[in-house]
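**Student:** Spelled out from the first residue to the last, the chains are:
Protein chains: 2
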Amino acid sequence: MEGVDHLAHERNKSEFDVDAMKIVWAGSPHAFDVSDRISKLVASDPGFRKDNRSTLSRKELFKNTLRKAAYAWKTIVDLRLSEEEAAKLRFYVDEPAFTDLHWGMFIPAIKGQGTEEQQQKWLPLAYKMQIIGCYAQTELGHGSNVQGLETTATFDSQTDEFIIHSPTLTSSKYLSLLLASVMTWKGSPVPFLFLSQSGFYNSCFHCSVQWWPGGLGKVATHAIAYARLIVGGREHGVHGFIVQLRSLEDHSPLLGITVGDIGMKFGNGAYNTMDNGVLQFDHVRIPRNQMLMRVSQVTCEGKYKQSDVPRQLVYGTMVYVRQTIVADASCALSRAVCIATRYSAVRRQFGSQNGGPETQVIDYKTQQSRLFPLLASAYAFRFIGEWLKWLYADVTQRLQANDFSTLPEAHACTAGLKSLTTTATADGIEECRKLCGGHGYLCSSGLPELFAVYVPACTYEGDNTVLLLQVARFLMKTVSQLGSRLSSKKPVGTIAYMTRVEHLMQCRCGVQRGFAELSADLVEAAVAHCQLIVVSKFIEKLQQEIPGKGVKQQLEVLCNIYALFLLHKHQGDFLSTGCITPKHAALANDELRSLYSQVRPNAIALVDAFNYTDHYLGSILGCYDGNVYPKLYEAAWKDPLNESVVPDGYHLYIRPLLKQEIRTARL
Amino acid sequence: MEGVDHLAHERNKSEFDVDAMKIVWAGSPHAFDVSDRISKLVASDPGFRKDNRSTLSRKELFKNTLRKAAYAWKTIVDLRLSEEEAAKLRFYVDEPAFTDLHWGMFIPAIKGQGTEEQQQKWLPLAYKMQIIGCYAQTELGHGSNVQGLETTATFDSQTDEFIIHSPTLTSSKYLSLLLASVMTWKGSPVPFLFLSQSGFYNSCFHCSVQWWPGGLGKVATHAIAYARLIVGGREHGVHGFIVQLRSLEDHSPLLGITVGDIGMKFGNGAYNTMDNGVLQFDHVRIPRNQMLMRVSQVTCEGKYKQSDVPRQLVYGTMVYVRQTIVADASCALSRAVCIATRYSAVRRQFGSQNGGPETQVIDYKTQQSRLFPLLASAYAFRFIGEWLKWLYADVTQRLQANDFSTLPEAHACTAGLKSLTTTATADGIEECRKLCGGHGYLCSSGLPELFAVYVPACTYEGDNTVLLLQVARFLMKTVSQLGSRLSSKKPVGTIAYMTRVEHLMQCRCGVQRGFAELSADLVEAAVAHCQLIVVSKFIEKLQQEIPGKGVKQQLEVLCNIYALFLLHKHQGDFLSTGCITPKHAALANDELRSLYSQVRPNAIALVDAFNYTDHYLGSILGCYDGNVYPKLYEAAWKDPLNESVVPDGYHLYIRPLLKQEIRTARL
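Residue numbers (UniProt numbering), protein chains in the order written: chain Y, 1 to 667; chain L, 1 to 667.
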């Protein structure tokens with residue numbers, strides 16, 4: 001049946017120039033060209049095959065990832081790929097690996113926080129992968145709260161070294177006291193209270209081991225490790241250090257280093273290709289010049305001092321990392337939407353008349369009302385990601401000119417949009433899985449793995465709720481300064497609208513409770529603020545010239561769906577503040593329905609515009625030609641359980657049941 | 001550290017009698033006793049160990065499940081457990097297996113649809129597990145739409161047999177036509193249009209193979225298979241047939257049967273312990289008396305006739321199955337809530353003052369506003385499950401007396417509540433996972449597997465959206481009959497409130513569009529109706545006498561949280577219909593915050609009342625004693641990747657990178 005396109009009739013319905021939309025989605029003709037070329041290169045190379053992932057055991061899976069990472073590097077070297085092409089290749093290989101942290105965190109951290117000298121020493125080694133780095137900033141008992149880390153880096157001026165150490169109660173001077181008090185009070189609440197009042201509980205057994213860093217468990221030779229700096233008995237907060245973990249000769253952990261993998265994670269392939277690690281330091285010594293000293297330094301005499309490099313640079317790095325996460329959100333969501341949209345056009349259920357074909361699932365309004373807002377979100381997130389890239393460039397330029405004025409707003413923006421887009425994407429992938437019915441539950445649909453591999457984005461680089469609270473705090477601060485005549489600060493950028501809200505300035509706040517008490521509501525306000533940014537930037541995008549027949553019209557429809565869907569979802573907020581009347585809400589809902597009908601004939605073409613290969617999609621349900629059922633049928637027979645007709649265990653565990661011999665069976 | 005209870009201070013805070021609440025949760029002292037006894041029996045038997053599931057390969061995993069199923073049966077036989085105890089044992093073994101379908105679908109189907117004679121023949125075999133059955137009602141191309149099944153059962157009066165067959169295009173007379181038309185039109189939409197207009201597309205390659213039935217893939221010896229009955233060239237719709245699949249001697253598939261497993265599903269343990277199967281019939285012959293003939297019969301002369309047993313009995317079975325699904329929802333949700341609540345009390349982040357302990361995460365209002373509504377939902381679903389059990393008993397009694405008057409309402413009720421509770425539970429488990437921060441992503445938290453194993457409940461036994469549309473249709477019908485003077489039907493049970501809504505009766509409907517057009521909105525209405533049922537029944541429960549100090553007060557707080565949380569979430573609907581004012585909405589929100597503070601000191605005790613063993617919870621984060629971090633640390637080292645310090649693949653794939661020998665490496 002090769003060559004048959006079961007979705008050709010859908011593609012013929014579309015009312016716009018798909019090739020032009022592909023350029024819009026990619027961002028530029030150049031970006032399209034690179035993506036298109038590299039994705040096809042990866043798809044056509046059997047060395048990057050990934051359809052067998054879900055049946056491998058953890059060890060096989062991990063070894064296969066090591067092979068792919070090496071093979072990817074070989075391909076990059078052999079084909080002399082540019083930096084941009086190499087990054088795209090790693091992206092389309094589509095498997096979490098230690099290289100993500102090496103390129104995405106280790107190298108940027110040295111660039112951002114290392115001195116010129118440190119960069120000259122370490123970056124060439126890292127660029128050639130003569131060392132492999134990871135980024136260790138989370139402890140077992142301390143995830144979000146970096147300032148609460150317990151690992152210490154104590155300066156020893158005698159040897160000009162730092163001593164990196166993970167304190168545990170077992171090694172503490174309080175051990176005997178603890179054992180004496182706790183063990184004798186079994187089951188009683190007293191020891192706990194005693195412990196917590198005396199502050200011991202903070203430092204639980206093993207709480208201070210590093211936990212989670214990707215690439216740490218089995219591969220990385222070096223880490224950027226964060227620790228409390230102690231110089232001359234005084235603490236100076238948390239700083240980063242370059243620490244070698246493993247021998248470059250035989251890969252064995254160095255003296256004082258205990259390191260391993262933290263075990264299985266969500267999904268069967270998913271992030272289990274990554275060696276997230278646990279790391280315990282036992283008085284590990286490193287030279288003084290391996291503290292990252294761009295912002296603050298320790299001299300050989302044991303003096304701690306700040307350089308003239310502004311601390312705010314650190315926030316610039318956070319803006320960078322989070323901006324890339326927003327861009328990734330649109331990739332993951334669009335992938336799920338592509339699968340669900342294509343399969344909704346293939347799948348038919350009910351509605352057969354006179355023995356004719358059943359109705360395509362995509363024609364049901366209930367399906368459209370769940371799927372099309374996600375399609376619109378994928379485009380919205382794509383454009384907000386593009387805008388954040390611009391914002392980062394703008395902030396960087398300003399920072400270089402010592403202009404910090406836009407940094408708080410840029411920081412709030414990226415934090416909030418990271419939270420909003422990753423939450424919506426994780427939920428959206430799962431919704432797409434449900435929209436595929438039962439078959440979405442099969443690994444061969446690609447959606448279970450996509451969900452499992454994506455959801456950590458809601459937690460890493462800032463827990464989504466914690467980030468929204470930061471945005472809320474920023475909004476409250478902005479509003480409070482509006483009212484003050486003493487403040488000369490004017491809200492800029494995405495919060496400029498606040499100056500137009502005159503009644504806010506005239507308000508006297510009647511709130512009787514603190515921030516923490518109202519935090520659940522403030523989080524909702526922060527989400528609303530971020531949604532406003534997404535909608536505004538989508539509208540701004542549409543004010544630009546966009547070439548290609550019908551392309552802008554399609555985007556207008558999607559933008560309207562995105563906005564009106566939000567209005568429908570949050571109509572309570574709009575109604576209770578008197579922004580709209582119930583009549584408006586009903587009209588908006590009518591309009592939404594009509595917009596869904598306008599998207600319908602273009603749905604397949606709108607997901608084709610993502611230009612994803614079948615390899616990247618990794619989904620039988622989402623395959624380009626829509627030839628779903630024969631492929632599902634064939635794929636089933638590849639499961640290891642089908643290697644034999646009668647299953648392993650029949651004689652031991654099934655036959656004794658059937659033959660009523662269970663009482664004497666060996667089990 | 002054994003014997004230390006890190007949550008003792010929390011348990012001491014509680015303001016109610018936990019033991020009394022345990023009885024309320026279990027439903028009765030007897031139910032509590034059975035659950036308590038059997039869950040501890042399973043937890044203490046190493047034969048039922050389940051903490052190693054996530055690292056096993058598919059074949060090992062499946063074989064281990066076969067062993068457990070046999071071991072469970074041996075335990076049941078050895079200990080002479082009652083039917084109730086045996087069912088509880090299977091429940092606490094907590095691993096999907098072929099036995100679920102044997103006991104839960106195969107046997108009930110024979111009981112419900114088989115004649116007296118058929119029951120006498122087949123049930124004793126099934127009860128002793130001399131045969132193992134499954135339930136085959138879904139085809140690859142037909143999930144929800146049972147009436148659209150393509151498998152045929154053609155009566156052959158010569159041999160007094162049915163011929164069961166899965167038609168495929170390959171075997172159809174249209175094959176040559178198809179090949180001629182499709183293959184020559186590569187890529188063009190014409191052949192598809194031609195195909196779909198001529199109705200061929202409905203019958204795709206392999207679309208009619210049975211697909212999904214649990215236990216079918218590798219274990220079941222028999223199936224209840226559904227097929228279109230054809231007698232004397234005439235079709236009589238879909239009926240059930242008992243078909244033997246495998247030899248009882250050597251387990252090999254019988255002539256004409258192609259059967260296997262459909263492959264990996266979501267999660268790494270999860271439902272991969274189940275052999276969901278694919279099954280193709282090639283003219284398989286079965287005796288006439290293996291059609292389930294309680295409701296309709298085929299005589300040896302080839303006459304099709306209805307018995308005097310009312311068809312409505314089938315709906316009674318559906319009410320039964322869905323009612324058990326609602327009961328399971330409260331189990332799954334309460335389990336996730338128990339894990340998240342305990343870990344939220346153990347985990348501390350931020351807020352340390354003067355070096356004291358950080359704040360318990362459960363004290364953050366953002367955490368409470370997400371967690372406590374789920375705690376309330378777990379209780380709400382428990383009580384609605386109990387009420388549905390009563391409803392099923394009531395309907396059954398009435399059916400036996402030929403009273404069908406309450407059946408449509410009972411059917412709508414269970415369909416709607418199945419949809420509502422399973423959707424909320426799946427979302428709630430994932431929310432609980434996120435509430436545990438990064439560590440919730442570890443398999444050792446139990447939550448990823450709980451989610452993956454639970455989500456199919458949103459699809460099986462009626463897709464949740466399809467079910468809501470059924471409820472919506474029922475509501476529309478009820479409303480339309482209210483207006484009609486001709487109708488003598490009065491709304492009963494859960495829809496009785498409609499008679500009180502006088503303005504509904506006076507309404508003249510101004511709707512210009514059909515049901516399908518408005519279906520997305522009707523689904524929202526159906527959810528609202530079902531939520532009303534949940535809230536009403538929770539309130540009714542509280543009008544009963546409930547013994548135990550403070551127990552009723554706690555339940556009142558939870559009931560109010562459940563109701564007010566819904567009001568907050570759907571305030572748009574309440575505001576737009578004028579049921580509440582914005583002022584009311586704000587007051588409700590204030591009240592909600594105050595209720596969260598009332599739950600806080602009782603939170604741990606409220607999840608202790610579920611009386612779950614650590615074995616059943618299967619979660620380090622949720623362990624009873626709260627000793628989380630040492631257990632996480634120890635568990636990590638058991639991952640297969642940690643069997644060696646230097647990973648498999650180092651010499652082949654890591655060293656060549658570090659040594660710059662990648663160009664010559666064998667990859």
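Just so you know, not all the hints are guaranteed correct.
Pairs involving identical chains hold if they fit within one copy or between any two copies, as the list cannot separate such chains.
Claimed, not checked - The calculated lysine-lysine pairs, modelled on DSS-like cross-linking and capped at a C-alpha distance of 30 Å, are: (1) LYS13 - LYS59; (2) LYS631 - LYS63; (3) LYS50 - LYS638; (4) LYS659 - LYS74; (5) LYS569 - LYS583.
The set of hints was computed from the structure by calculation and includes no laboratory data.
**Student:** Indicate, hint by hint, whether the structure satisfies it.
**Tutor:** Against the structure, the hints come out as follows:
For the homomeric pair LYS13 and LYS59, neither the shortest alpha-carbon distance inside one copy (48 Å) nor that between copies (46 Å) is at most 30 Å. Proximity of LYS631 to LYS63 under the C-alpha cut-off of 30 Å is found in both arrangements, the shortest distances being 28 Å within a copy and 27 Å between copies. Taking identical chains as interchangeable, the C-alpha atoms of LYS50 and LYS638 lie at most 30 Å apart whether they share a chain (14 Å) or sit on different chains (27 Å). With identical chains, the CA atoms of LYS659 and LYS74 are at most 30 Å apart between copies only, with a shortest distance of 13 Å across copies and 58 Å within one.
Taking the shortest Cα distances, LYS569 and LYS583 sit within 30 Å of each other both inside one copy (15 Å) and across copies (20 Å).
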